[in-house]
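Undergrad: Order-wise, the sequence lines are chains A and B. Residues 1 to 501 (UniProt numbering) make up the first sequence, in order. Residues 1 to 501 (UniProt numbering) make up the second sequence, in order.
Just so you know, these hints were derived from the structure itself, not from any lab. You may find that some hints are simply not true.
PhoX-like mimics (lysine-lysine), calculated; alpha carbons at most 20 Å apart, straight line [claimed, not checked]:
#1 K431/B / K327/B
#2 K373/A / K327/A
#3 K353/A / K420/A
#4 K353/A / K128/B
#5 K11/A / K353/B
#6 K30/B / K30/A
#7 K30/B / K373/B
#8 K210/A / K327/A
#9 K30/A / K373/A
Number of protein chains: 2
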Amino acid sequence: MHDSHKTRRPKADAPKGFRDYFGADVTERKAMLDRIAEVYDRHGFDALETSGVETVEALGKFLPDVDRPNAGVFAWQEEAVPGGGSGDWLALRYDLTAPLARVAAQFRNDLPSPYRRYAMGPVWRNEKPGPGRFRQFYQCDADTVGSASPAADAEIIAMLADALEAAGIPRGDYLVRVNSRKVLNGVLEAAGVAADQSDAVLRTIDKFDKVGVDGVRALLTAGRRDESGAEIEGVGLSDVGAAPILAFLTSRGGDNAATLGNLRAAVGTSDAGAEGVAELAQIADMLAALGMGPDRVVIDPSIVRGLGYYTGAVFEAELTFEVLDEKGRKRQFGSVAGGGRYDGLVERFTGQKVPATGVSIGVDRLLAALRAKGRVGGQAGAGPVVVTVMDRDRMADYLAMAAELHAAGIRAEAYLGNPKNFGNQLKYADKRGSPVAVIQGADEAARGVVQLKDLALGARLAAEVSHDEWKAQPAQVEAPRADLVAGVRAILAREAQRAQS
Amino acid sequence: MHDSHKTRRPKADAPKGFRDYFGADVTERKAMLDRIAEVYDRHGFDALETSGVETVEALGKFLPDVDRPNAGVFAWQEEAVPGGGSGDWLALRYDLTAPLARVAAQFRNDLPSPYRRYAMGPVWRNEKPGPGRFRQFYQCDADTVGSASPAADAEIIAMLADALEAAGIPRGDYLVRVNSRKVLNGVLEAAGVAADQSDAVLRTIDKFDKVGVDGVRALLTAGRRDESGAEIEGVGLSDVGAAPILAFLTSRGGDNAATLGNLRAAVGTSDAGAEGVAELAQIADMLAALGMGPDRVVIDPSIVRGLGYYTGAVFEAELTFEVLDEKGRKRQFGSVAGGGRYDGLVERFTGQKVPATGVSIGVDRLLAALRAKGRVGGQAGAGPVVVTVMDRDRMADYLAMAAELHAAGIRAEAYLGNPKNFGNQLKYADKRGSPVAVIQGADEAARGVVQLKDLALGARLAAEVSHDEWKAQPAQVEAPRADLVAGVRAILAREAQRAQS
Numbered sequence: 001m002h003d004s005h006k007t008r009r010p011k012a013d014a015p016k017g018f019r020d021y022f023g024a025d026v027t028e029r030k031a032m033l034d035r036i037a038e039v040y041d042r043h044g045f046d047a048l049e050t051s052g053v054e055t056v057e058a059l060g061k062f063l064p065d066v067d068r069p070n071a072g073v074f075a076w077q078e079e080a081v082p083g084g085g086s087g088d089w090l091a092l093r094y095d096l097t098a099p100l101a102r103v104a105a106q107f108r109n110d111l112p113s114p115y116r117r118y119a120m121g122p123v124w125r126n127e128k129p130g131p132g133r134f135r136q137f138y139q140c141d142a143d144t145v146g147s148a149s150p151a152a153d154a155e156i157i158a159m160l161a162d163a164l165e166a167a168g169i170p171r172g173d174y175l176v177r178v179n180s181r182k183v184l185n186g187v188l189e190a191a192g193v194a195a196d197q198s199d200a201v202l203r204t205i206d207k208f209d210k211v212g213v214d215g216v217r218a219l220l221t222a223g224r225r226d227e228s229g230a231e232i233e234g235v236g237l238s239d240v241g242a243a244p245i246l247a248f249l250t251s252r253g254g255d256n257a258a259t260l261g262n263l264r265a266a267v268g269t270s271d272a273g274a275e276g277v278a279e280l281a282q283i284a285d286m287l288a289a290l291g292m293g294p295d296r297v298v299i300d301p302s303i304v305r306g307l308g309y310y311t312g313a314v315f316e317a318e319l320t321f322e323v324l325d326e327k328g329r330k331r332q333f334g335s336v337a338g339g340g341r342y343d344g345l346v347e348r349f350t351g352q353k354v355p356a357t358g359v360s361i362g363v364d365r366l367l368a369a370l371r372a373k374g375r376v377g378g379q380a381g382a383g384p385v386v387v388t389v390m391d392r393d394r395m396a397d398y399l400a401m402a403a404e405l406h407a408a409g410i411r412a413e414a415y416l417g418n419p420k421n422f423g424n425q426l427k428y429a430d431k432r433g434s435p436v437a438v439i440q441g442a443d444e445a446a447r448g449v450v451q452l453k454d455l456a457l458g459a460r461l462a463a464e465v466s467h468d469e470w471k472a473q474p475a476q477v478e479a480p481r482a483d484l485v486a487g488v489r490a491i492l493a494r495e496a497q498r499a500q501s
Numbered sequence: 001m002h003d004s005h006k007t008r009r010p011k012a013d014a015p016k017g018f019r020d021y022f023g024a025d026v027t028e029r030k031a032m033l034d035r036i037a038e039v040y041d042r043h044g045f046d047a048l049e050t051s052g053v054e055t056v057e058a059l060g061k062f063l064p065d066v067d068r069p070n071a072g073v074f075a076w077q078e079e080a081v082p083g084g085g086s087g088d089w090l091a092l093r094y095d096l097t098a099p100l101a102r103v104a105a106q107f108r109n110d111l112p113s114p115y116r117r118y119a120m121g122p123v124w125r126n127e128k129p130g131p132g133r134f135r136q137f138y139q140c141d142a143d144t145v146g147s148a149s150p151a152a153d154a155e156i157i158a159m160l161a162d163a164l165e166a167a168g169i170p171r172g173d174y175l176v177r178v179n180s181r182k183v184l185n186g187v188l189e190a191a192g193v194a195a196d197q198s199d200a201v202l203r204t205i206d207k208f209d210k211v212g213v214d215g216v217r218a219l220l221t222a223g224r225r226d227e228s229g230a231e232i233e234g235v236g237l238s239d240v241g242a243a244p245i246l247a248f249l250t251s252r253g254g255d256n257a258a259t260l261g262n263l264r265a266a267v268g269t270s271d272a273g274a275e276g277v278a279e280l281a282q283i284a285d286m287l288a289a290l291g292m293g294p295d296r297v298v299i300d301p302s303i304v305r306g307l308g309y310y311t312g313a314v315f316e317a318e319l320t321f322e323v324l325d326e327k328g329r330k331r332q333f334g335s336v337a338g339g340g341r342y343d344g345l346v347e348r349f350t351g352q353k354v355p356a357t358g359v360s361i362g363v364d365r366l367l368a369a370l371r372a373k374g375r376v377g378g379q380a381g382a383g384p385v386v387v388t389v390m391d392r393d394r395m396a397d398y399l400a401m402a403a404e405l406h407a408a409g410i411r412a413e414a415y416l417g418n419p420k421n422f423g424n425q426l427k428y429a430d431k432r433g434s435p436v437a438v439i440q441g442a443d444e445a446a447r448g449v450v451q452l453k454d455l456a457l458g459a460r461l462a463a464e465v466s467h468d469e470w471k472a473q474p475a476q477v478e479a480p481r482a483d484l485v486a487g488v489r490a491i492l493a494r495e496a497q498r499a500q501s
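Chain A with its partners taken away, still in its complex shape:
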């Protein structure tokens, strides 16, 4: 065949770093988000949905480098068309906080103040894709804009604990750890850390979980040799300068009161530090009044949170149970949510300070945790009842059977493939996880009956019994056509009971 005119076919691939979610991946995430939204709503937070696209200018963070404004974000320039495109640079949002800051500024005269809002939806990051790292993922945020009160932080922290429990993480399996960026700044002040060193110090502190006290001490001063033998340069503080920072990191005491006492010592004479400790003390009191005991929330100075924009309380929720990693080693599941106070984001637009605080839940990680604990998924009978097609001229009858099952609230469908090979229909039902196949050939139609095949029971019998026994097909029963719904219900009920027992 001469194929020089054959047109090149497009590749059927999602772009690199993007993925598709099928069936339960979608519905289980949705069910989890619904439960979290209910908690947010009950706390007086209103839903907000901004669009996926913002101006690069409003998103901020990426402005300076005009030649390459899309580092980290997906960005493009609109064509400048009279009456149409503005020539603006547009970008996909990289989180839900930047759009909230824009909304809080744009609608500042219309929104209630304080404004409590929650938002759930996809965000996009133009990062190098990797295993398990995707360029579109879900976030689920709640924020209070316009309140400087530590009560706003305490409320968000308590609500996070409630949300995790509503999602299916029982008390005892998570811990929210709370710290204060102000306290940290006070400690840096007390330690005499120069402004140009503070970023390096923050990055070092963030490694505390990994390298411990001695590791951080070395990294803050002269440096250390890592496991591979490589020399890691230190920040260059003196031992005396590093001491307050180490005191800070290790200041978690037996209870919040002890921790707060240690922090008061660690910030020395720094006013910012004293203010931060006082705020943490208020937050601790309010959390106690809300019934948030140390099994749920603790003050823990070793939490830093990477983002530069935090200005007060910061917190992180960790799951404390162990899971097996890809190499079969036990490890703690780790962080699934975090947040804190950011008083500068709205000011970018308005020039006026607008205090704000909020939390972001990592939706995919939390869902993975619920799956790891067997708390979602695996529902038996999630597949539809399949009405098979024995006689293609009677499609209307088969569709009507499915419709009868729908009207009874039962998930069901008629087989719509080529009905010639009945074995293919049963294979299809198997692939769909179908609990029951309905069969009606000419003989059954004449007698006014249907065959109901319990596919789950059939599969178990096929696995457990001999071929002869299986051939006896005890998993198949005949029912009058008029009893279609009742017969299917009986099988579904039996299987549901079996799944519970």
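Knowing the structure of chain A, use the given hints to seat chain B on it.
TA: Chain B in isolation, oriented as in the chain A frame:
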């Protein structure tokens, strides 16, 4: 003040053509989509969520013009970075069908066949924004890929009717009209329309609703003068050539059988036309077996549907009730959903024909219709109970009151703004649509009571009674602190009862 160093502030605006959805805008849409998803699920359709970003190559349609591949879509080129960006052109999806075709091709060996899926989510169009026209909006689709059977079309059409009713459109307020692109092709064949004229003929037929039989006759032949007096060029068919097309358009009879009879005559000797009529007849039979009477679905040849990719049955759901337009004139609400059979979309990728059929619901239009009919929104008491702050040192107590209400399932929040001015707190509660304000000053705290202010009743009294009567504040009751939840519940119940009566 010297302000030469003042940095330029970013504009706090959503990009042109994009909008934000607040509160009930989000939750009412979500509730509607949840009801529709339940119908889709019950019919055996599985959820699918693809990402917002696809390769321009996979999306198709926009390929030829390489210099400007983003006409109609938002597109950008990835940087070609070793191990990172591919240099591909990426774009935001403009509908949910193109990504489905890509998924059906990419996962053809894993997906059940036929594959029934539903999808809900935002799509993006790079169009000139206008009043009420946005560049991001929701679609809500269901499609069956891999079945050529008219039963698949009938199932989708019946499911659309069920979905509209589940969303809140009662029977009698909508009508699904069904036609066939194959029948239309048969008519064009019978009419001897040249291939290069068929697009112009399709566009003309699409105007039938507006210009009527005589208008279409004129436009198909020599042209006509429109209302403004401008000459509109005709397609140039002869009267004899236009006759079968006019016969087709006006072939809707008193019932489906009569319509099908007229269509048989209209397609003359065209094989494609005869096949189309036979398929429509099967669809009509199956819809009848599904109990879809002429109050819900009819065969109506005047439905064409613009999209070029349809290859068989096409259909459209219209809302038949009248609403007032922006000028106060009565008009029918019009189309809220449409779809049809498209057998070519997956073939683009695989080279093999994969028959498919589906429906897309215009989410924003359907929601607007429900609002116009008063079937969503306006729930009294959707705002939270506001626990006011009389004594800022007792924030922990106020937070605890809100938490008690949360635990009882009542939407509530403590006031987090500056509590100095109590009037501002009540204004805030008013803005939030709060049903009840909880008040506890030092006096009440000492006596172990709370004041509960019925804000809805208070507002009615303020509107209806004299200032002196209002000052008597019958809308405020005192309750023991221990009865906080019971007292709030009593007021909410009274208001709920009032809203119903």
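Undergrad: Kindly indicate which numbered hints from before are broken by the structure, ordering the numbers from low to high.
TA: 1, 3 and 4
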